[in-house]
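**Student:** Those sequence lines, one after another, are chains A, B and C.
Our numbering puts the last residue of the first sequence at 123; the count rises by one with no breaks.
Our numbering puts the last residue of the second sequence at 291; the count rises by one with no breaks.
Our numbering puts the last residue of the third sequence at 140; the count rises by one with no breaks.
Among the hints, a few may not be true.
[Claimed, not checked] Looking from chain A toward chain C, a few residues come up when the C-beta cut is under 10 Å (computed):
1) L8
2) I10
3) E12
4) V15
5) I18
6) D21
7) T26
8) Q31
9) V39
10) D57
11) F59
12) A86
13) V87
14) I89
15) G95
For the record, the hints were derived by calculation from the structure and aren't laboratory data.
Every residue, glycine too, gets a C-beta built ideally from N, C-alpha and C.
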Amino acid sequence: MTERVPILRIGEVLVVSIQFDLEDQTVLRLQEDLAEQIVRRAARGVIIDITALEIVDSFVGRMLATIAEISRMLDAETVVVGMRPAVAITLVELGLSLGGVSTALDLEKGLARLRRSTISDEA
Amino acid sequence: MTDVGGSHVAEQGTAVELVGLLSVEGRDVAGEWVKQVAGTLKGRVSVAELSRELGELHEALVQALGQGAADVHDEQMSEVRALLTELSRNRARQGFSPTETAVGVFALKQVLEPVLQDGTSEEIRAFGRLSRVLDGLGLFTIETYTQTREELISAQAEQLMELSTPVVRLWDGVIAVPLVGTLDSARTQVVMEKLLQALVETGSEQAIIDITGVPAVDTQVAQHLLKTIVAARLMGAECTVSGIRPQIAQTIVALGIEFDGIVTKASLADALKLALRKSGVEMVARKAGQL
Amino acid sequence: MTAPWLPDEAPQIYAITHNRDVVSIRQTIRVLAQRCRLSLVDQTKMITAASELARNTLVYGGGGAVKAGLVEKDGRRGIAALFEDSGPGIADVNLAMTDGWTSGSGLGLGLSGARRLVDEFDLVTEVGVGTTVTVIKWAR
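My request is simple: use the sequences and hints to build the entire structure.
**Tutor:** See below:
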């Protein structure tokens, strides 16, 4: 039995806050759950909060990039928020720059970013 | 069996002789030792302090020798080593020279020297052996002293690095690091970690790395700068590099380092203007006489 | 490469046979990294490298074990981890060490990425026998 990361909804935005060190299976499960929820709830944005994560390896990094790609195809934008400095330095050294992923310092700035891009979409 | 017993007895004999040198009836060896050392330190360590240090050392040494210790690294010498370590560390921190530190041990030889004139031949032989032990202890003192100084130096170098690389807040949401002087790989790494940490602490989405004061960069330093900019982006912040000198621009191009997608500005002022605009701050010049 | 383990403390061996072992190895490495006073960034790098290598051992090596502990050389402390499997081995080491190359479904950053995150990296492999990867990170 694998654990499951809860997905919250605030308006048109899905919020995932990862609070513990994830097993690979849980990471894959989250990826599937999110894809399904974006469609079912007609979400325009996804925020993945990784403030609590002390490490992000290539497996989790790939999950972040994949979710961003999937949501783009489903007309939603993904913002990864709260990456710690040591994690960011390590990811760069590892060779992962997450080119297609939007980022923000914290949840609030992430929501603001989504709001801005939704407005410019509609304009 | 007899052989083993025999050599054991001889060893015991040696131990007794060595201890005998250090604790002569009617003579305050430790006290004379203190007096000898106090002369060389010119009052920079109080006599009370010296008496305590050397008194303890004398006692520990007598005990170690009594247990058959013949070398500074022997098991029985652990208490002596601990005391010497403390003494050498204190001297190193208080700014005494290596000589002033080691003399604390070697002075004991001078105290015992009269034995060479009026001692028995056994005593003179024992003095020779004790002399070798004391030489070992003296070297140990110098080693500990040097080690402590090295620790001090590296701690100071680190402090200097921290001091020379401030991260300043220019505006709400805009921070900057003005880099001055030659950048090496280690210093660049420290600065960059500080910059990223400051982004989190101040909640800033704009950072400016000003390298006006940097005469040259090598490949490694340029790579570190680049990695930091990517790392900042992963955290949700944007970096602008300002004040790139022509030589540095040439180096970067010549080294073939990808600086694509990196925002650069000629001066810190230009970079600040850009950063403010990006954070939604508008600047309007007031018309003359409108003050 | 033989790791200069601390004389008075034997390294411990942990099995890697399940996904959850990868998680617990990350925690084990964190505790060791903190004990030898690695900086926060260096801790993060070492744990991430261990995570990549543990996953490689599990996925490509068909499971194995890691031996991890503190090391000391020239008065410097560090942390070492030796990942061992008896899987298929790697036929072309140079190719496997290239960024982006993968025999499975990963990003191909496991080996090459892990090497960049540590101070010492050593890989011994033989086709049909298995693979051993040793990594060391020194405290600065």
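**Student:** Would you mind marking each hint as holding or not holding in the structure?
**Tutor:** Structure-based check of all given hints:
{"no.": "1", "hint": "L8", "verdict": "violated, 24 Å"}
{"no.": "2", "hint": "I10", "verdict": "violated, 29 Å"}
{"no.": "3", "hint": "E12", "verdict": "violated, 31 Å"}
{"no.": "4", "hint": "V15", "verdict": "violated, 24 Å"}
{"no.": "5", "hint": "I18", "verdict": "violated, 13 Å"}
{"no.": "6", "hint": "D21", "verdict": "holds, 5 Å"}
{"no.": "7", "hint": "T26", "verdict": "holds, 9 Å"}
{"no.": "8", "hint": "Q31", "verdict": "violated, 13 Å"}
{"no.": "9", "hint": "V39", "verdict": "violated, 24 Å"}
{"no.": "10", "hint": "D57", "verdict": "holds, 4 Å"}
{"no.": "11", "hint": "F59", "verdict": "holds, 7 Å"}
{"no.": "12", "hint": "A86", "verdict": "holds, 4 Å"}
{"no.": "13", "hint": "V87", "verdict": "holds, 6 Å"}
{"no.": "14", "hint": "I89", "verdict": "holds, 5 Å"}
{"no.": "15", "hint": "G95", "verdict": "holds, 5 Å"}
In this structure, the hints that do not hold are numbers 1, 2, 3, 4, 5, 8 and 9, in rising order.
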